[in-house]
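J.: For reference, the chains in residue letters:
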Amino acid sequence: MLLMLFNIGDDRFGIDAQDLLEVLPAVPLQTVHGMPAGVVGLLSWRAALVPVIDLDLLTLGQPCPARLSTRILVVRYRPGPPGARIGLRVQRADDTATVNPADFLETGLTPPAPPRFGGVLPHAHQPVQQVLPEQLLSEAVRASLFSQTMPT
Amino acid sequence: MTTPDATLDGSCRLHIGVWGDRSCAALREHTHCRNCPVYIDSGRRLLDRPPSAAQIEDWQQRLTAKDQPADDARTAVVVFRIGTEWLALPTALLREVIDPVPAHRVPHRRDPRFAGLVNVRGELMPCIELGRVLNPAPSAARAAQSWPRLLIIERQGEAWAFRVDDVDGVHQIPHGDLRTPPVTVGQGAPSFAAQVFSLAFTFVSLAGGGAQGRAVQLDAVQPQLRAAAGAIKVQRVSGDIVLLDDELLLLALREVCQ
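Residue numbers (this note's numbering), protein chains in the order written: chain A, 1 to 152; chain B, 1001 to 1258.
Just chain A, with the same shape it has in the complex:
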C-alpha cells in the first residue's frame, strides 16, 4: 500500500494513493461563503469544480501556511455521489511511503464527531496516522458539499 504523506500541525498523516487522483500546488480558490468550517473554497480542476477542505483548518482551526510544500490532494470521495471528488489542502505533502496495511495499529479511540482518523503506523522518524476520506466529514458537511447531482 502506497501512502501519500503530509502533516496536520506537527503530526504526520498518510492517505492511500489509490484514492488519490492528483497532487496540485496550493492554487488560489474560489471562495464560497457560508460553508461549514474547513471548507475553504472551490478548485477549478480539469474543467470541473472541486470543493476543497483545509485539513489544518478542519482539525486545528488554523489554515495551512503558504508554502511550496502546502498542496491540494484531489481524492475520490466515495460517500458522495458517483464520481464525487474533494480536494484536501494539506501542508508538507512532500513524501510517500510504501507500507503494509497489516502494520496499522488500531487506536481504539472514536471521537464523538468527525474528523475521525484511521490506524497509526510506527514509521521511521514519526508515526503515521491514516486519513480515510470517508471519515473526515460529518453528515451535515457532506450534504452541504454534494446537495445537487454531480456530473459523472
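Calculated from the structure, these hints are not laboratory results. Built from N, CA and C at the ideal position, the CB exists for glycine as well. No false leads were slipped in.
Which residues of chain A face chain B? A few of them, derived with a C-beta cut under 8 Å, are:
no.: 1; residue: V27
no.: 2; residue: P28
no.: 3; residue: S44
no.: 4; residue: W45
no.: 5; residue: L68
no.: 6; residue: D94
Given the coordinates of chain A, work out where chain B should sit on it, guided by the hints.
T.: This is chain B only, laid out in the frame that chain A set:
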C-alpha cells in the same frame, strides 16, 4: 563531527561531506551525502518557502486549461524532404537519423535505386536512393539549402538507410487529418502514398555553411543564433505531405536488395 549550525541547513555537505573533506562520520554509513537524512531534510526545507506570485499564476493557468481529449488518436510521423517533395514515414519504422556516411558501391550492382552499403557503427546495411524508388525518373529540381542526412529504418531486425535532403522532425498528426491521397499526388509512384495530410511548420536553415547549410528545427535554435539573423533562413512550409505506406515501401526495398 558536525556542528549543530552546519547540520541544520545541510551545509555540512560542503565542509565535511562529499563536497568537503569527507571527514563526516556518517559518510561511512551513507557513502554519499545524498543518502543522509540531514541532506534530505535540508532539501525538503527548500519547499518551506512561500510560492512566488509568478508561480501561482503559472499554476492557475495550467489548471484552468482543459485537458486534451484522450480519444484524440494521433500518429507520430517523421517528416523529411527528398528533392522538392516533403514526405513522411511512421516513427514506428524509424531507428535513427545520422549525418551521411559514404556508401560503398557493390560490384555488379547497377540498380540506380541501390546506392551501396553503409557502415553505421559497425553494422552494414543497404543504402537506398528513396527518391528513385518512389519515382523512377526524378526531377532535377533541388532546394537551394539542404542538410542531407541518412534516415535509418528498421523492421524485424532488417535495417535500411535512405539519403534524404532534409529532416524536419517528428510531428503528431491527428487521425482526422489523414486523407486518402488524390491520384495526382506523388506523381510516378502513387502506390506508395498511403495517406496525405496537410501540415504547416516552420523550417529553419542556417545558411552559414554555404552549400552545406545546416537545417534545424526552430525550437532548437539557440537565442544567440537567432540574433545572427542573416545566417538563418526561416521557411514556412505548408502543404500536403505524403505519408508513405510502410508495407509497400518495405516490399520495394526488399526487391531492390535482392
